[in-house]
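A.B. asks: Sequence:
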Amino acid sequence: MFFSKTLVVLSVALSAFAGPGDIARGMHHRDIAHRAAMPIAQPELVVAPIRKRANTNRCKAHSSAAASPTAAPLNVESDPATKAAPTTQATTTKHTTAQAAVPTKAPSSSGGSDLANFLAGTNTGEATFYGTGLTACGVTNKDTDFIAAVSHLLFDSYPGYNGLNPNNNPLCGRKVTATYQGKSVTVAITDRCTKCALTDLDFSYSAFDQIGSEAVGRLYGMTWVWAD
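Note that this note's numbering has the sequence shown beginning at 790, numbered continuously upward.
Any given hint might turn out to be false.
Straight-line distance between alpha carbons at most 25 Å, and here's what the computed PhoX-like set of lysine-lysine pairs gives [to be verified]:
#	residue 1	residue 2
1	K931	K984
2	K931	K972
3	K964	K931
4	K984	K964
For the record, the hints were derived by calculation from the structure and aren't laboratory data.
Bear in mind that the values here come from a model prediction, so they are computed numbers and not experimental data.
Given the sequences, and given the hints that come with them, work out the whole structure.
C.D. replies: Structure, rendered in structure tokens:
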């Protein structure tokens, strides 16, 4: 007990002899020691997450519409591998030259000619009708005119016609009298019928009405004779 009190007294005495500078230095050394012992806090390294690039289509191929005007045109043909192999056979083109129509020479009107039989006597054929207008003889007719067209076979082979100008055919203006089932009509020949047989006659409406009905359309067994 005595020893403990002695230590306390000595400590107090020593403290009394220590100056203010010694006390400050002691405190300074303790502060440095305290700071040296403390570890320096390092800032936490924050790793930023990797940002995904937005799909901005910057790498997307541009359409052909935005291509430069000088770009070569695309080949729009089908895949050559799918094409059929061309044939090696040469194609020969035959050229034909149109020849001018040769005028039909009028046959002789002698007794041995078939045409002479149609220039006299009674002829039998079919009767039809058509809308009139400018005719082969160069005459403009109306449907009320009593006219008729003869077959092109008879028109082109009529004696005296050279086959050049139909207006000058001697047949133009000649008259015939046609009869069907007791009814007759006399008409002037002013036209040429390309679809008529040799002894058929194609009448104007008014002339046809004199011997038949338009509702029938075609009269079979009509007869006709030259009237001049």
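A.B. asks: Given the hint that K984 pairs with K964, test it: the Cα-Cα distance must not exceed 25 Å.
C.D. replies: Given that 25 Å is the threshold and the Cα spacing comes to 21 Å, the pair holds.
A.B. asks: Is the Cα-Cα distance between K931 and K984 25 Å or less?
C.D. replies: holds (21 Å)
A.B. asks: Need the status of pair K964, K931: alpha-carbon distance at most 25 Å?
C.D. replies: holds (17 Å)
A.B. asks: Within a Cα-Cα threshold of 25 Å, do K931 and K972 meet the stated pairing?
C.D. replies: holds (22 Å)
Hint check: no violations occur; every hint is consistent with the structure.
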